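Peer 1: Take a look at the letters that make up each chain.
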Amino acid sequence: MKHLCRYCIATLFAVWLGNAHALDATALQNLAMGDNDARITAIETLVAAGDVAALPVLQALQDGALQATPTGRLLIVTEAGVTDAVTNQPLAHAPEDASRITINNRVRRALEAALAAFKLFSSDSAKRLEAAQQLAEGDPVLLPLVKKALASERNPTVHNALELAHSGMELKSDDPQQRLAAVQTLGNSAQEATKNRLLVLLEKDGAGQFAEPDAKVRAAAEKAIAAIEQRLKVAEYAGHVFTGISLGSILLLAALGLAIVYGLMGVINMAHGELLMIGAYATYVVQNLFKTYLPQHLDLYLIAAVPVAFGVAALVGMALERGVIRHLYGRPLETLLATWGISLILIQLMRTMFGAQNVEVANPSWMTGGVTVLGSLVLPYNRIVIIVFAMLVLCLVWLALTHTRLGLHVRAVTQNRSMADCMGIPTGRTDMLAFGLGAGVAGLGGCAMSQIGNVGPELGQGYIVDSFMVVVLGGVGQIAGTVYAALGLGVMNKFLEPYWGAVLAKIMLLVFIILFIQKRPQGLFAAKGRTVEG
Amino acid sequence: MKSSYLLGIAVGNHFTRSIFTTAVVAAGITFAAAAQAADTIKVGILHSLSGTMAISETSLKDVALMTIEEINAKGGVLGKKLEAVVVDPASNWPLFAEKSRELLQKEKVAVVFGCWTSVSRKSVLPVFEELNGLLFYPVQYEGEELSQNVFYTGAAPNQQAIPAVEYLMSKDGGEAKRFFLLGTDYVYPRTTNKILRAFLKSKGVKEGDIKEIYTPFGHSDYQTIVADVKKFAAGGKTAVISTINGDSNVPFYKELSNQGVKATDIPVVAFSVGEEELRGIDAKPLVGHLAAWNYFMSLKNPENDKFIKMWKDYVKKQKLPGGDKRVTNDPMEATYVGIHMWAQAAEKAKSVEVNKVRTAMAGQTFKAPSGYELKMDEKNHHLWKPVMIGEIRPDGQFDIVWETKKTLRAQPWSPFIPGNEKKKDM
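These protein sequences, in sequence, are chains A and B. For reference, each letter of the first sequence is one residue, going 3 to 536 in my numbering. For reference, each letter of the second sequence is one residue, going 19 to 444 in my numbering.
A few of these clues could be false.
Some chain A residues well away from chain B (every beta-carbon gap over 10 Å; in silico) [what the hints assert, rightly or not]:
id: 1; residue: 210
id: 2; residue: 221
id: 3; residue: 511
Mimicking SDA-like on lysine to any residue, the simulated pairs with C-alpha atoms at most 20 Å apart in a straight line are [as the list claims (entries may be wrong)]:
id: 4; chain 1: A; residue 1: 129; chain 2: B; residue 2: 249
id: 5; chain 1: B; residue 1: 249; chain 2: A; residue 2: 104
id: 6; chain 1: B; residue 1: 393; chain 2: B; residue 2: 383
id: 7; chain 1: B; residue 1: 343; chain 2: A; residue 2: 357
id: 8; chain 1: B; residue 1: 318; chain 2: A; residue 2: 104
id: 9; chain 1: B; residue 1: 280; chain 2: B; residue 2: 246
id: 10; chain 1: B; residue 1: 255; chain 2: A; residue 2: 202
id: 11; chain 1: B; residue 1: 335; chain 2: A; residue 2: 357
id: 12; chain 1: B; residue 1: 249; chain 2: A; residue 2: 375
id: 13; chain 1: B; residue 1: 249; chain 2: A; residue 2: 236
id: 14; chain 1: B; residue 1: 343; chain 2: A; residue 2: 290
id: 15; chain 1: B; residue 1: 249; chain 2: A; residue 2: 501
id: 16; chain 1: B; residue 1: 189; chain 2: A; residue 2: 104
id: 17; chain 1: B; residue 1: 249; chain 2: A; residue 2: 500
id: 18; chain 1: B; residue 1: 280; chain 2: A; residue 2: 71
id: 19; chain 1: B; residue 1: 302; chain 2: A; residue 2: 111
id: 20; chain 1: B; residue 1: 318; chain 2: A; residue 2: 71
id: 21; chain 1: B; residue 1: 249; chain 2: A; residue 2: 242
id: 22; chain 1: B; residue 1: 337; chain 2: A; residue 2: 357
id: 23; chain 1: A; residue 1: 508; chain 2: B; residue 2: 269
Bear in mind the hints are in silico, worked out from the structure with no lab data behind them. Source: prediction; values computed, not measured. Note that CB positions come from ideal geometry on N, CA and C, so glycine has one too.
Input sequences plus hints: build the corresponding full structure.
Peer 2: Written out as structure tokens, the structure is:
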């Protein structure tokens, strides 16, 4: 590693001078045919030779685009075409006997370090940031390089990262003053790894001597560690809250439809999970249609899938209501059995149509990856999108129930069916539309679930218990109760999970709900007035 | 039949005659069926085609049918064609036992190829032992079992888990010092991790540097666990050893890549993830994560080329879902080897009777798609297998970064579990 870093510096100086000469032939030979040790030495030699021409070769090696013939000829083979890695001449096609150079993680690590040195001076700030972060645990020999980069860096984020890398290197300086300054800067970090590096300073060796001889620096290190720990703790709690809200938003999406159907209409719909599943399959179908007909806009398929999932699930829901459930109003036990039967039929239907195996629903590219906050906490984009989506759906449902004619009718029928009937409200139609709304919302939930979990015929089975749990805990007949219950259960689960594990945390939650319902059978929020008719 | 005849007398003469005729016709049909059955040898295929394990097991059913077709095209076994009886135990462990009883008693199959999870194998084991059936089990597992009625064509821990961990501790593997053992909560991950823990301790790894976490089958929320892995990894060079089974792997790997865990920082080595499981995931962010198996589709040798071509042709001919995206993997290879070895043993024994085939299985060899000649051990019902470690490529295939030079004998009784020294082979 040390060697490599020295070479990096040499290279960069060479790069700045715009010095170009032929790539080292032995190194290339080793790259093509050597073992891992030889390859790492070759990478070091190439970087040391200080030629920008080495950059595409190394990049190709990292991307798996570098091929070699048995005679040691190197070729870069990409979708754009084949070029000779040494002469840079384009070729019509790769020779028959060329095969891809395979590398392992060890070579890949050496490559990343070599490329990071090149990239510190890239024009792309994202690349510079990546390089700076890569050098965070770098060797002190890289110090002049980092200093140079630091002086010219204008982007504040990259500047901070470079400063941390810089201080990390200064930790091994001979001057106690510089070490002190470095420790103080490192106190601004929020990385667990930095904390561990500082902890090393406080360790005693066999002879009882501290690794850091200066007491002042040690004191500063202790302070810095405390500061980092504080930040880590905040990040950890923020992480629990985020994952909790994320889980809660999924529970909410799963349960919101049920809150309408069961909560407001009093129908125990065991096929609710299958409406989620239908939403997820609708997303899958839309994705495939985009793949076939609009491959250039594939990233947008999810946006198109949202209304489709709502529509399909709503139609299936309305058909269910008109076909079966309306004949069973007021007979909860029969409704339960009938809807359970329907759920089995729907599962089997999906198996026949799409196969018993899970189908692949890919995240659009704007939903992969994540954003780093508080130094170490990564918030994945797909989770963020789902939280926002859940809030939107919630707002729309609330608006639909409180600010539309349908909502007014639903509330009227819920409160007093016969009176509403007398007032000329078409109760049958209202039932159908309300059921359709609940089913459609379940379809939206399924669309969201396709982005985080597996889509298969049994998708709904995994959520049905959770959904009922949320609605019952929240209080039947209350949308607000469902929201609080979903988020509360999500956050509680995520705070329990690190201590008790996924299995036990779930059991504890169930126990909690049972006890809670014993104490308060009406749930968190009791519905006021004559909500449920006999 | 007798009772219906008596009933007929009681009801009346005319009715008796018609009942009698029906009975004779029925008997005739049964006889015809029996005669037809005598021309074929029934073999059972017991893999989950639905539920959480379908992601892994469906292709084993497909490859078994392909192999049976191949054997039939060459004239079958003992001059008779093989007839596959496929059942779906639906990832439901008690149903595995029920279905295997049905295969052995009702269908009277000569042999069963099936099971993936150890919990399903444990569930069918008493049935096979009671009815003296024969099961070929094609998946790597935790060992700690030897049954007269089972042939294990997958790897024992010393043929997969232990070499993989040794690799992680080696220079090329990244010299891992800390180990995060993550698995699905059932017998295979728990036993494997027990063996690995003892092995790691024997290598001087401290208790505090090992962490074990389990999730239920079908778990899909890996946010907390991945955050936990990152936290644990800050304490030094860490490797994750994953024994997650089934479709939970998809959300796990998705979460890993979304949270930016790279293989160069924290490599994840998996024992139940192969080409088939990666088919449903974008593999680009997973480049460099590892898997340990005894076969990879990317192997270059004539047997493997033949195997892959046969599979691709079969997929095309049968129009299997997935089309040209279908891949081969280790348990598929083990299924293929198992069926061929059983056919060879039956030929040698000149019978498909379980006891005779069992004796003939000892020492059977087969030139496998892994490129090695695999041998069924004379004593312990396990195959001698090579070990290979692969790194995930952007296209969902594996680059082989390490392999043994020859095949290894299986140790079903791991020396790392106390009390095993006294246990003997069969």
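Peer 1: All the hints need checking, so say for each whether the structure fits it.
Peer 2: Status of each hint after checking the structure:
Interface exclusion of residue 210/A from chain B stands, the closest Cβ pair being 22 Å apart, more than 10 Å. Non-interface status of residue 221/A relative to chain B is upheld: no Cβ of that chain comes within 10 Å, the nearest being about 23 Å off. Against chain B, the non-interface label of residue 511/A holds: every CB pair exceeds 10 Å, the least being about 13 Å. Proposed proximity of residue 129/A and residue 249/B is contradicted: the alpha carbons are some 25 Å apart, above 20 Å.
Distance hint between residue 249/B and residue 104/A is unfulfilled; the C-alpha atoms sit about 31 Å from each other, more than 20 Å. Straight-line distance between C-alpha atoms of residue 393/B and residue 383/B comes to about 4 Å, which keeps the hinted pair within the 20 Å bound. Only pairs whose Cα atoms come within 20 Å are accepted, and residue 343/B paired with residue 357/A is accepted, the gap being roughly 16 Å. Between residue 318/B and residue 104/A, the direct Cα distance comes to roughly 14 Å. Compliance with the 20 Å bound is thereby established for this hinted pair.
With a C-alpha separation of about 15 Å, the suggested pairing of residue 280/B with residue 246/B holds against the 20 Å cut-off. Taking the CA atoms of residue 255/B and residue 202/A, the gap is about 15 Å. The hint holds against a cut of 20 Å. Using a Cα cut-off of 20 Å, the hinted pair residue 335/B and residue 357/A holds, with the two alpha carbons roughly 18 Å apart. Under the criterion of a C-alpha separation no larger than 20 Å, the hint pairing residue 249/B with residue 375/A is consistent with the structure, at around 15 Å.
A distance of roughly 14 Å separates the Cα atoms of residue 249/B and residue 236/A; the hinted pair therefore holds under the 20 Å criterion. Between residue 343/B and residue 290/A the alpha-carbon distance is near 15 Å, which keeps this suggested pair within the 20 Å criterion. For the proposed pair residue 249/B and residue 501/A, the alpha carbon gap of about 14 Å is at most 20 Å, so the pair holds. A threshold of 20 Å between alpha carbons decides the hint, and for residue 189/B with residue 104/A the separation of about 17 Å falls inside it, so the pair holds.
Of the pairs offered as hints, the one joining residue 249/B and residue 500/A holds, with about 11 Å between alpha carbons and a cut-off of 20 Å not exceeded. Distance restraint check for residue 280/B and residue 71/A: the Cα-Cα separation of roughly 30 Å exceeds the 20 Å cut-off, and the hinted pair is therefore not satisfied. Restraint check for residue 302/B and residue 111/A: satisfied, since their Cα atoms lie roughly 17 Å apart, inside the 20 Å limit. Distance check on the hinted pair: residue 318/B and residue 71/A sit about 16 Å apart at the alpha-carbon level, within 20 Å; holds.
Note on residue 249/B and residue 242/A: the hinted pairing holds, with a Cα-Cα distance of about 13 Å set against a maximum of 20 Å. Of the pairs offered as hints, the one joining residue 337/B and residue 357/A holds, with about 13 Å between alpha carbons and a cut-off of 20 Å not exceeded. For the proposed pair residue 508/A and residue 269/B, the alpha carbon gap of about 18 Å is at most 20 Å, so the pair holds.
The structure fails to meet hints 4, 5 and 18 from the earlier list, while all remaining hints are met.
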